Amino acid sequence: GTFHRFASTLLAGVEQLADVPDAFPWLFNIGESFRVDCARPSDVRVLSIINSDQEFPNLLRALESQWDAQALIHGDMKLDNCLVTVQEATSRRIKIVDWEAMQRGDPAWDVAGILHDVWRQWVLSMPTADDISPSAQVENAEYLLGDLRRDLCAFWEAYLETSRLSALDSNAFLLKALRF
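Under our numbering, think of the first position of the sequence shown as 13, with each following residue one higher.
If you're looking for bench data, these hints aren't it; they were derived computationally from the structure.
As the structure is a prediction and not an experimental result, all values here were calculated from the model.
Do not take every clue at face value.
[As the list claims (entries may be wrong)] Below are the DSSO-like pairs computed for lysine-lysine, each with C-alpha atoms no more than 30 Å apart in a straight line: (1) 90 - 107; (2) 188 - 107; (3) 90 - 188.
Model the full assembly from the supplied sequences, consistent with the hints where possible.
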C-alpha cells in the first residue's frame, strides 16, 4: 500500500518516470491477441474453451473499463516475489523483488496478484486423485482454508493501513482486485 500511495505522487512529479510503460495486462485480450502458433497444447485447449464462451469477452471488456493506470505497479505480484527478512526477533519486513514488469497501472492489479497466488497455492495443495470428492480435497489440502483466510485478512488490513484508502474507497478497490 505504501508503494502505491507514493508511486501515484511520483508519476505526477518526476520527469524521468515519464518513460515508464503504461501497459494494459495482456490477459484482458487473451481471446483476441494470443498467438496460437507458439502456444503449448494445453494453452490452445484453454483458449478454445475461452473462445467458445460468448459472454467471456464481454466480461474482459468490463474489466478493461475499470483499469485505472494511476500509479507505478509491480505488474507481477506473487508470493515468489516477496522476501521476508527478520530485523529483530519480532520485526519482519517484506522486500519485493523482480521488478522487470514494472509499469504504470492499476494498484488493484498488484493486490489481485497476491490474492490469486494465495488461492492458487491452496488449490495446488489439494490431493488430486480421481476417487477423492471435492469436499475431501478441501479437507485434505496441505494449507487449511482457515489459515488462508487469516493470512489474506492480515494482508488486506496491512494494505489498507499503508495505502490510507477510505472505507468507501477500500470496498470498491477490493471488489476490483477480486474481479481482476
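Checking each numbered hint in turn, tell me which of them this model violates, lowest number first.
none
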